[in-house]
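Visitor: Hey, can you work out the whole structure from these sequences and the hints?
Protein chains in written order, with this note's numbering: chain E, 1 to 158; chain U, 159 to 522; chain Z, 523 to 699; chain H, 700 to 850; chain X, 851 to 1223.
Think of the hints as simulated: they come from the structure by calculation, not from any bench. These figures come from a predicted structure and were not determined experimentally. C-beta: ideal position from N, C-alpha, C; glycine also. Be a bit skeptical, because a hint or two may be false.
[Claimed, not checked] In silico lysine-lysine, DSSO-like type, Cα no more than 27 Å apart, as pairs: (1) E:139 x Z:547; (2) X:883 x Z:617; (3) X:1146 x E:84; (4) E:19 x E:32.
[Unchecked claim] Some chain X residues flagged as far from chain E (calculated, every beta-carbon gap over 12 Å): (5) 1006; (6) 1042; (7) 1067; (8) 1088; (9) 1124.
[Said to hold, decoys possible] Simulated restraints on C-beta separations: (10) X:997 x U:476: 49 to 59 Å; (11) E:137 x U:465: 36 to 46 Å; (12) H:718 x X:1152: 37 to 47 Å; (13) E:31 x X:1137: 36 to 46 Å; (14) X:997 x U:200: 43 to 53 Å; (15) E:10 x U:175: 26 to 36 Å; (16) E:137 x X:1152: 47 to 57 Å; (17) E:44 x X:1041: 29 to 39 Å; (18) H:775 x X:945: 50 to 60 Å; (19) E:50 x X:1107: 47 to 57 Å; (20) U:491 x X:1137: 54 to 64 Å; (21) X:1039 x H:760: 32 to 42 Å.
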Amino acid sequence: MFLKDYFVTIYKSVGSLLKGMKVTGYYFTHPKEIQTQEYPDNRATLQMFDRFKGEVVMPHDENNEHRCTGCQACEIACPNGTIKIITKQELQPDGKKKKAIDTFVYHLELCTMCNMCVTACPSDAIKMAQTFEHSVYDKRQLKKVLNAPGSKLMEGVE
Amino acid sequence: MALFLTISFSSIATGIHTWLAGTMQNEMLVKITEMAIAGISLLLFLVPLCFFLGYMERKVAAFMQIRLGPNRVGPKGSLQIVADTIKLLLKEGLTPTASDKFLFNLAPMIVVVTSMLVMAPIAFAKDFQIWDLSIGVLYVSSVSSIAVIGILMAGWSSYNKYSLLGAMRSGAQIVSYELSVGLSLISIVILTGSLRMSDIVMSQENGWWIFKGHIPVLISFVIFVIASTAEINRAPFDLAEAEQELTAGFHTEYSGMKFAMFLLAEYINLFVVSAIGATLFLGGWMPFHIGHWEAFNHIMDFIPSSLWFFGKTFAIIFIIMQFRWTFPRLRVDQLLTLEWKYLLPISMVNVLFVTVMAIMGWHF
Amino acid sequence: MAETEKMIFPAQLHQTADGGIVVSKLDDMINWARSNSLWPLVFGTSCCAIEMMSAADAKYDWSRFGFEVARATPRQADLIIVAGTIVMKMAPVLKRLYDQMPDPKYVIAMGACTISGGPFFYNTYSVVKGVDHVIPVDVYIPGCPPRPEALLHAMITLQEKIKHETYFGKAKTEEGK
Amino acid sequence: MTNEEIKTAVSALFPSVTYDETGEFLTLLITPAEIRSVMKALRYNTEFSFDYMFCLTCIDWKTHFMMVYHLLSKTHRHNIVVKAKIADVNKPEIETLCDIWQTANFHEREVYDLFGIRFLNHPDLRRLLLDEGWDGYPLRKNYVDENMISL
Amino acid sequence: MSLLGEPELTEEGEFVINIGPQHPSTHGVLHLKVWLDGETIKKIQPHLGYIHRSIEKMSESLSYRNFIYATSRMDYLSAHINNQACALTVEKGLQIEAPPRAQAIRILMAELTRLSSHQLWWGCTGLDLGAVTPFFYAFRERELIMEIMEETCGARLTQNYSVPGGVMYDVHPNFQNRVKDVMKQVKSRFREYEEALTGNVIFEQRTKGVGYLSAEDAISFGCTGPTARASGVSCDIRKWFPYDGYDKLQFDEIIMTGGDSYTRYMVRMEEMKQSVAIIEQLIDNIPEGDFQAKTKMVIKLPKGEFYQRVETARGELGVYIVSDGAASPYRIKYRSPNFSNLSALSHMATGAKIGDLVAIMATIDLVIPDVDR
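Guide: So, in structure tokens, the structure goes:
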């Protein structure tokens, strides 16, 4: 009885081990199953999903105009102070002064890509870009100014 | 190429000897020079071999793990190990302040040297053997067990608790599994009646032992593969370095070149045990012969003997690598249970069967 | 980048009268070896560690670059990928690990937490505001957590940096720094 | 057991306990002095058998500390909250419960670490999350840390 | 590497090793001080706090919309479920309910999260026990789920998808097809998982009878999730206190009574199948309608206390918000499943071997940032 158990144990154990080796052996002999995407070589074809949150950008049109009114809704919505908006008073043609953005500072090094600023923005001035290759040697390069130099508010955006 | 491989290596050796004896009068000097030539050529052979084994291991692992493995350094990633080696050699070699410096530095050398020593009696091809000593099998099993001293030294001298635990595990492991390896080697010795490697190879002229010896030799072979995997500390028996438990086990404190030596030793060991397994059970360089099918045997003879040897060796290496990438690691008590409760009793009974078989002449 | 990526072996073929000989500069050789054999330390504290594991998996497979030999002991590692928040209690341990690594050693700061404290920059009492307060950092990857491809990009960026070093550790050109 | 039944049963044992039913769970307000007797009754009396303490925490109300224990009975499937008010802000102390529920051990250490409440008779009352030498108790409302940057 | 590297022999001849804070098997930065007798563990003392990020203190100064994002970083493998818990707590305070569509999406995402978390756990269990290859098989399927996440939520790990009142945006148009495809693949792989690891004799020996936890101890230690369910304790919040419409779904609470590592392993394996079942029930029946209820720009909870529990991949997560009527919580406490599960570790591992400690930690499935918060 003892001997029978002994050999049954051995038989079952060897069987289970061979089963495991069958799995690895199957993949070894089936190179079609290889999942690897070769990253730096597939950059041309690598497409992020359109909702992928890579970084916050402020789209400018061909006249170098953006849609940011400087309302600071995004700055308030941001949970960890990633966005700093410095505003200035701009003289309108009719003589009134109006708030406008001077610099839209975006700290990529702090950003957690939570999308709260984009949902908070009333004028769709900012959106999430699908870029992800942000590696730098110097941390200071991660502090970005999103409004292009000389850009101004698009007509009709309040 | 094939012509080069088939020409007798013994004639080359004889040629060198005659030439040396002619130029140098002193017999001692000749011997020393010959030893140096043998050593250097062994090294020249081992380093590329280890590069290849390292590359092979990574590729085998990668394909089993449905990925590509190294493919960016050199053609198909073949220079990956070269880069790793150059980097390791140029890395700062740290010796911990609290360690026993002499033993700490000696340990990797002992490990490498013992694993290289075992290469001596291996027949790489027809008539190509560094030292065909009359007690080949005994030599192999005794010298290979010296490696454990190196590992114990490494673990003890590192002054690190993980290293110590790893070394102690390794000690228990190698000492136990030595028995099974020995017993499975004995079964072939019984069948052959000789400890000499060349005799063992020649005895398989009309068929390898694994076919001639029926089930008992097959069992010996399986036990040999399992036990030798354990003896060279490879997964699933890599308790001495058990990364998840002991970070890196006995070589936790080793860096740079000294660590590279452990890696080198690991691959040499892998090759050596596979080569011995191939020699004893699969006929070494002996081509695949079936009884008296002369025509078939002649065709097989056309394949160079070194290819036969390396083919068989790498088949065993592949199996051992597949073990590594398939199985979970054993626990230390289970490791000893496996040896003392399963492998050892089975191999003892098996030796009995082999002996009966040899006496009765039931093998082919 | 494209040019150096293609470099198979840092050797130059110089034509001489009787055929070609291979000449290679020692620095190039060393940097080639070092940059292609970056063994990372198994070091991850939080979310970014999962993306680091993803970079090792079959889809991204950093073993293509030879990075897959992740070492558990700092003695054998070349690179720390600081993946995750470093807090005050962990900072001395990280420093110690860094000190235990043999030279040359490199550091990648992965993720917003590591670069600057990220989500935990404001109103926290225990988070180190940037791992560069503790150990020198070579490459920063923003993101929370960065994609595995971003980590691979950072590794390639680090390789670029290494390729511009001299044996004694100084950058050869301006762009390497 | 419904909340009403628990109330009657607890009142029969401990007349001094007051109740608060504004929240999701029935809340028992007790004094730190009687915490062990109340908790032992809640844990071991078969009619209550609150065998599972799923939350233990503390609230700093500036004038006092409020220990909050959330209890659940796996057999009767009822929840209650027990609150003990610690009036002494300078030297807050309360008896430990870690022999009644083993989970209290770590939770009490955490509360000690972050609020500075001493748990009397706790077997291993050390800081759990912060360094041994940490100055102050960060979750207290009056905690000041000059390294902390406010948004 | 250990923090205190020097060999340390106490007077009784004990051998003390420090596992962690950085160690391959601790899944993060946990420091375990282990007293050994040979290979046998005599005593374990966990030291926490190496990733204590003061999320509770930080949340006290954030608004009710904003504090949620930090919880993704607590139990990052159940990031969506953490967000859901916080959103539900705020909804409880506001006395609103997410629209049915949002609830269904949340459940789908939660179960996908649970599935991906268990897959990662399966791979890491193999890795911890020395089998490297399962890790890659597990991640193959996990990556598919990550793609679903990315397509709809825009992030792989820390989605920040649940907001008070519903979800941030509607699911991607491609969502249903993709989920169905992935579920088909995931289901077909379960058999392979079993062949590769479950049935393996070495694996069985490593886990069977290791790290026993009785039902009484599990309750007393406050263990929840698969850790407690393997000891025969019914504790699935989805069944006990259903939220977001889990009561309308058909699924089983997996309860086994072995109490050892192998049972914990099996519970998780079965839970993966249950998650697939839930997803398949729901994927074709996502109700039409809004994906977000109307909430005010600045959320203010009424004065009071709100407690919400959900079932994460590791057990019961409780969010306890004390509000004084202001725009940010007065006190917030996360009752994390890992914290309680970890407290049982020393009880389970005493008397085991070092190798067992790894198996026990792997099958409790610790996520250390959730312990430390």
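Visitor: Work down the list of hints and note, for each, if the structure agrees.
Guide: Against the structure, the hints come out as follows:
no., hint, verdict
1, E:139 x Z:547, "32 Å, violated"
2, X:883 x Z:617, "20 Å, holds"
3, X:1146 x E:84, "24 Å, holds"
4, E:19 x E:32, "21 Å, holds"
5, 1006, "9 Å, violated"
6, 1042, "6 Å, violated"
7, 1067, "31 Å, holds"
8, 1088, "27 Å, holds"
9, 1124, "24 Å, holds"
10, X:997 x U:476: 49 to 59 Å, "34 Å, violated"
11, E:137 x U:465: 36 to 46 Å, "51 Å, violated"
12, H:718 x X:1152: 37 to 47 Å, "20 Å, violated"
13, E:31 x X:1137: 36 to 46 Å, "45 Å, holds"
14, X:997 x U:200: 43 to 53 Å, "52 Å, holds"
15, E:10 x U:175: 26 to 36 Å, "52 Å, violated"
16, E:137 x X:1152: 47 to 57 Å, "51 Å, holds"
17, E:44 x X:1041: 29 to 39 Å, "38 Å, holds"
18, H:775 x X:945: 50 to 60 Å, "27 Å, violated"
19, E:50 x X:1107: 47 to 57 Å, "49 Å, holds"
20, U:491 x X:1137: 54 to 64 Å, "56 Å, holds"
21, X:1039 x H:760: 32 to 42 Å, "53 Å, violated"
Hint check: violations occur at hints 1, 5, 6, 10, 11, 12, 15, 18, 21; the rest are consistent with the structure.
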